[in-house]
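S.K.: Residue strings, one per chain:
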Amino acid sequence: DQQVKQNSPSLSVQEGRISILNCDYTNSMFDYFLWYKKYPAEGPTFLISISSIKDKNEDGRFTVFLNKSAKHLSLHIVPSQPGDSAVYFCAGFYNFNKFYFGSGTKLNVKP
Amino acid sequence: DAGITQSPRHKVTETGTPVTLRCHQTENHRYMYWYRQDPGHGLRLIHYSYGVKDTDKGEVSDGYSVSRSKTEDFLLTLESATSSQTSVYFCAISGDSFSTNEKLFFGSGTQLSVL
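As given, the protein sequences belong to chains V and Y, one line each in that order. The first sequence runs 1 to 111 under our numbering. The second sequence runs 1 to 115 under our numbering.
Hint data in this document are derived by calculation from the structure and do not stem from the laboratory. Among the hints, a few may not be true.
[What the hints assert, rightly or not] Label pairs and their calculated CB-CB ranges: (1) S83(Y) / K110(V): 35 to 43 Å; (2) G51(Y) / T26(V): 27 to 35 Å; (3) T45(V) / D54(Y): 24 to 32 Å.
[Claimed, not checked] Straight-line distance between alpha carbons at most 30 Å, and here's what the computed DSSO-like set of lysine-lysine pairs gives: (4) K11(Y) / K56(V); (5) K57(Y) / K71(V); (6) K11(Y) / K54(V); (7) K54(V) / K5(V); (8) K56(V) / K98(V); (9) K103(Y) / K56(V); (10) K106(V) / K11(Y); (11) K103(Y) / K37(V); (12) K57(Y) / K98(V); (13) K56(V) / K106(V); (14) K103(Y) / K98(V); (15) K5(V) / K70(Y); (16) K68(V) / K103(Y); (17) K68(V) / K11(Y); (18) K106(V) / K103(Y); (19) K110(V) / K11(Y); (20) K57(Y) / K106(V); (21) K98(V) / K11(Y); (22) K54(V) / K103(Y); (23) K71(V) / K103(Y).
[As the list claims (entries may be wrong)] For the chain V half of the interface with chain Y, some residues (derived, Cβ under 8 Å), not all of them: (24) Y39; (25) D55; (26) N97; (27) G102.
Ideal Cβ placement from N, Cα and C applies to all residues, glycine included.
The following block holds chain Y by itself, in its conformation from the complex (with noise of 0.2 Å):
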């Protein structure tokens, strides 16, 4: 199983409050993703990473920002959270190489619940 991380796994907050889950991977992968997952739209990408400080949009970024200092962390930040911002949150990784690239390897989620 690829070594990814995700922190914490479950979370109750409240609206207006700002919110940061943590994924870690120990693969040294390029590419690092945010996905959330809602009943009826399956998997969201929200945001994802190409490198150390190199990030763009997803399909679903409104308001969500990320953070990657390092190659093995990326955040997920909700400035403000939302009751539509409740879903559970998955982190996933590829690789550059040609037998790892074209696979999307997955954390085990966060639930966030934002009341």
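For reference, chain V alone in the conformation it holds in the complex (with noise of 0.2 Å):
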């Protein structure tokens, strides 16, 4: 049973718009969430992350909502760059050693 969801397998947006990533979990138990981007032939790379008890996080481009009501979280980029041309993996964690991945989004972003 996944614990965290992505149901957006890709996502094509122009270069200089707001890409909008989202995941769904379950577990309630969850303490942060992650977001990681892959690029091919390469290993997930961190990103951003949220603590369960904020709402926001931002670094840069990168902005990471959380609604805890709704158990949704989501990942703004802005604006997109061809370089964020990549696969993103959203990601709970609980418990200190407890890491549960979505299946991904395929972000393209057109010149």
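Assembly of the complex is requested from the two constituent chains, each provided in isolation within its own frame, with the hints serving as guidance.
M.R.: Now the structure itself:
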């Protein structure tokens, strides 16, 4: 039973516009949520995280929003750049060593 | 970048043969993990370790075993490989301290093909 779900397998946006990637979860025990970015033939790399006690975290062009009542989080990328084209995984974390990942969303930013 | 080395990077093997993948870290992190990545499934945890000789099963552990005899090395073994184990395998590590505990650092992956 998937605890973290990314229902959009792919997303295509124009360069300079906003990209919004969505994630839903079922486990109320998650302490943190993380977003990872993955390029082909490379391992995933950490992008941004948010504590479950916050509703927003911002780092440059990347902002993650958390809606605990809806068990939903989203990653906003503004403005989107061609170099942002990658697969994005969202993950929930609790109990020091439990990380659960979604199935990923492939973002394509068109020049 | 976290010091994680996976070997081999690519492997082709035949059904029924044993396969061992190696993960080596230089960060002295306590936790080590093996994930597999498959289309439509994302990253799924196979096994993880919380210390030397301390391991536990993840979501998709059937057909896999692991060993950790040293802090820096975590081995994943497919005792008798099957075509369903064709996948990309990622090793990951995480630390104990508050600043690193909530982050997982990944290796570059091993592409395994079972024919």
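S.K.: Hints first: check each against the structure and report whether it holds.
M.R.: Evaluation of the provided hints:
no.	hint	result
1	S83(Y) / K110(V): 35 to 43 Å	holds, 36 Å
2	G51(Y) / T26(V): 27 to 35 Å	holds, 29 Å
3	T45(V) / D54(Y): 24 to 32 Å	holds, 27 Å
4	K11(Y) / K56(V)	violated, 42 Å
5	K57(Y) / K71(V)	holds, 27 Å
6	K11(Y) / K54(V)	violated, 43 Å
7	K54(V) / K5(V)	holds, 20 Å
8	K56(V) / K98(V)	holds, 22 Å
9	K103(Y) / K56(V)	holds, 18 Å
10	K106(V) / K11(Y)	holds, 26 Å
11	K103(Y) / K37(V)	holds, 13 Å
12	K57(Y) / K98(V)	holds, 11 Å
13	K56(V) / K106(V)	holds, 23 Å
14	K103(Y) / K98(V)	holds, 11 Å
15	K5(V) / K70(Y)	violated, 35 Å
16	K68(V) / K103(Y)	holds, 21 Å
17	K68(V) / K11(Y)	violated, 43 Å
18	K106(V) / K103(Y)	holds, 22 Å
19	K110(V) / K11(Y)	violated, 34 Å
20	K57(Y) / K106(V)	holds, 29 Å
21	K98(V) / K11(Y)	holds, 29 Å
22	K54(V) / K103(Y)	holds, 17 Å
23	K71(V) / K103(Y)	holds, 21 Å
24	Y39	violated, 11 Å
25	D55	violated, 17 Å
26	N97	holds, 5 Å
27	G102	holds, 5 Å
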